[in-house]
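K.L.:
Going line by line, the protein sequences match chains C and W. Plus 1 on top of the position in the first sequence (first one is 1) and you've got my numbering. Plus 1 on top of the position in the second sequence (first one is 1) and you've got my numbering.
Hints are computed from structural coordinates only; laboratory data are not their basis. Please read these numbers as outputs of a predicted model, since none were measured by experiment. Take the hints with a grain of salt, since some may be wrong.
Unchecked claim - Using 25 Å as the maximum straight-line C-alpha spacing, the simulated DSS-like pairs for lysine-lysine come out as follows: (1) W/Lys-140 - C/Lys-211; (2) W/Lys-211 - C/Lys-211; (3) C/Lys-253 - W/Lys-275; (4) C/Lys-261 - W/Lys-138; (5) C/Lys-261 - W/Lys-275; (6) W/Lys-59 - C/Lys-212; (7) C/Lys-41 - W/Lys-212.
As a plain string of letters, each chain reads:
Number of protein chains: 2
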Amino acid sequence: MKRFIAAISALAVSIGCYADNTWRTLELDNTILMTLPQGKVVIELAPQFTPKHVDKFKKLAKQGFYDGVKFYRVIDGFVAQAGPADGSEKDKSVPNIAMEGEWTTNEKFSYTQVQSPDLFAEITGFKDGFALAHNPKEKSAWLTHCPGVIAMARGNEPDTGSSHFYIVNGQAPRYLDRIMSIFGRVVYGMNHIQSLQRTAVIEGDTPVDKKDHSPIISMQLMADVKPEDRILIEVENTESEKYLEKIIDRKKREAAFFYKKPPPVLDICQTPVKSRVVKSSS
Amino acid sequence: MKRFIAAISALAVSIGCYADNTWRTLELDNTILMTLPQGKVVIELAPQFTPKHVDKFKKLAKQGFYDGVKFYRVIDGFVAQAGPADGSEKDKSVPNIAMEGEWTTNEKFSYTQVQSPDLFAEITGFKDGFALAHNPKEKSAWLTHCPGVIAMARGNEPDTGSSHFYIVNGQAPRYLDRIMSIFGRVVYGMNHIQSLQRTAVIEGDTPVDKKDHSPIISMQLMADVKPEDRILIEVENTESEKYLEKIIDRKKREAAFFYKKPPPVLDICQTPVKSRVVKSSS
Chain C
2 MKRFIAAISA LAVSIGCYAD NTWRTLELDN TILMTLPQGK VVIELAPQFT PKHVDKFKKL
62 AKQGFYDGVK FYRVIDGFVA QAGPADGSEK DKSVPNIAME GEWTTNEKFS YTQVQSPDLF
122 AEITGFKDGF ALAHNPKEKS AWLTHCPGVI AMARGNEPDT GSSHFYIVNG QAPRYLDRIM
182 SIFGRVVYGM NHIQSLQRTA VIEGDTPVDK KDHSPIISMQ LMADVKPEDR ILIEVENTES
242 EKYLEKIIDR KKREAAFFYK KPPPVLDICQ TPVKSRVVKS SS
Chain W
2 MKRFIAAISA LAVSIGCYAD NTWRTLELDN TILMTLPQGK VVIELAPQFT PKHVDKFKKL
62 AKQGFYDGVK FYRVIDGFVA QAGPADGSEK DKSVPNIAME GEWTTNEKFS YTQVQSPDLF
122 AEITGFKDGF ALAHNPKEKS AWLTHCPGVI AMARGNEPDT GSSHFYIVNG QAPRYLDRIM
182 SIFGRVVYGM NHIQSLQRTA VIEGDTPVDK KDHSPIISMQ LMADVKPEDR ILIEVENTES
242 EKYLEKIIDR KKREAAFFYK KPPPVLDICQ TPVKSRVVKS SS
C-alpha cells in the first residue's frame, strides 16, 4: 500500500491508501450464479452496503425460491424485473424488508473518487467495484443506479420490498438513487440480461404473451455450485493505484482519436470496472 | 401554436412556440428499415442536423450496400458497429466523408430545454425528438450520444468516416459528442440491437467466431419498402406543449412512489421520447 499524493493534489481524488493488486477475486459466498435459457449470469452481492437485503436474497436463492420464477416486467432501456406471480402463495410467503437505500458516513469513509460535482450528487466514486455517490455535508452515501445493478422492487411505501428484484438494463435511472435498495451488480453475462424477452411493448405493437416471459432456470449461491460448474470471476480492484491512474487518464482523453477534447468529466455509470474469467463452467 | 409563458418563467425553458399536436409522423423518405435475423429495426434519420451523412447513408442503403454486412464489433454497454470487412474492395469503394459533429447556432435557434447545466454541456434539450446539447457562448450545438443513436465510425483523423456505423447500446458515451457524426436514432426495435451477438468477450472468456457475427439482412429506405411491409411509426413531438409539461412533471417527481424526492435534474439520455406503431409490417 502506498499513498498516491500526486493524484490527490492534482485531481481532488479521495485521500487514502491504494492497493498494489489490480484484480480482486470474488468471494464464493457473496456471488450468485443465475442460469437463464439465454446463458449464465454472475452477480456480486454487496453485504458491506446492503447487509439485510443480501442476507435475504442469499436465503431465498438457497431455498431455490427463484428457480422457475419469470422476468415479468422487462422494459427496454430501463429494467428487467423478476418475481413470483403477484398475490400468489409464494409471493405472500416472503415478509417485507426495510429499506437500505443509503448509509451514514464518517470522516474515515474512503473510496476512489471519480467525479465532483456530478449531475445527481456532490461526489461519485467506486468502492469495492460498486458505483456510489456521496454527500459529505449530509454524511450520507448510497449505491447508484448504473446499468447492471440489482435492486429490490417495492410498492409506494419505502419498506415494502420482499422478493421481487430488478436489474437495470438501460441508461442509469439515477432518480431512483437512495429510494431503492441496491444490493449487487452483474459482473458477467449482462448480454444475456439484454436478451431477455421484453414484456412491455409500445402502443400499437403486438403484445407479448405471458407464457413467453423469460424464466430463471436457477439462482444459486456460487459456494453451493459444484466446483466444476462454477464460473470464477475477478474484477478490477477499484482501490488500486492502477485503477486510480485509469480514472485520471480517462478524464484526460489523450489518445489521438480525441482530436478535440471532451470536457474532463466522467459519468460514474459510464466508467468501466472490468471483469475477467478465471475459470469457466465445464 | 401558443406561447407557454408559465413554464418559461418558472423553469427557464427555451422561449418559443409549442405545437398542439403531441405526435409526429415520420417521413418515409427519412426513415430506414433495417431487417435483422433478430427482428425489424426502424431508424429516423436527421437530415436537418447531419445532411451529408444522411444523404450518403440513404444512397448506400438504396444500393443495397449494407445487405449482408455484419455487426463485427458489438461491445455490451457501449456500441454495436457494422460495416464491410476492413480493407475489402467493398470497404475501399466508399469515399471518406467530412465530419458533421456540430453546427453553428444563432439567436433564433430554438428547442425544448431539458437540463442546464448538464454534466457534459451548458444546456441539453430536444429538437425533433433528437437529444442535443447547446453551448450558447460558443454558438454551437450538437446531437448527443444517447442509447439508440446511430453515428458514423471513423479513424483517428476527423474526416475519415466512410460506411461503417455504430449504434449506442449502453450508458451514453457522451465523451464522443462533437467528435463523431450522429445522423439518426433507433425509434423501434432497440431490443433487437440489444440481442446482437457480442463480438468482444472479457479476458478468459470463450472468443466468438467471426462466422457467428450478426448480419444485416437488409437496409432499406422506408419509402422503397412495399406499402404492406412498411412499419409506420409516430414519435412524441418534443416541440409540443404536452411534451414540455412532461419534462416539467418529470423533474418534480410528484408520484407517491417518490417518498424522498430526487434532485430536480434530468439526464437528457434518460428522458424518454416515446414511439408508437401506426401500422405493423404484414
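K.L.:
All hints, please: hold or fail.
P.N.:
Against the structure, the hints:
1. W/Lys-140 - C/Lys-211: Between W/Lys-140 and C/Lys-211 the Cα gap is close to 51 Å, so the pair fails against 25 Å, i.e. violated.
2. W/Lys-211 - C/Lys-211: The hint is violated at about 35 Å.
3. C/Lys-253 - W/Lys-275: violated, 35 Å
4. C/Lys-261 - W/Lys-138: holds, 18 Å
5. C/Lys-261 - W/Lys-275: At roughly 33 Å apart (the allowed maximum being 25 Å), W/Lys-275 and C/Lys-261 break the hint.
6. W/Lys-59 - C/Lys-212: violated, 40 Å
7. C/Lys-41 - W/Lys-212: This hinted pair holds, its Cα atoms lying about 22 Å apart.
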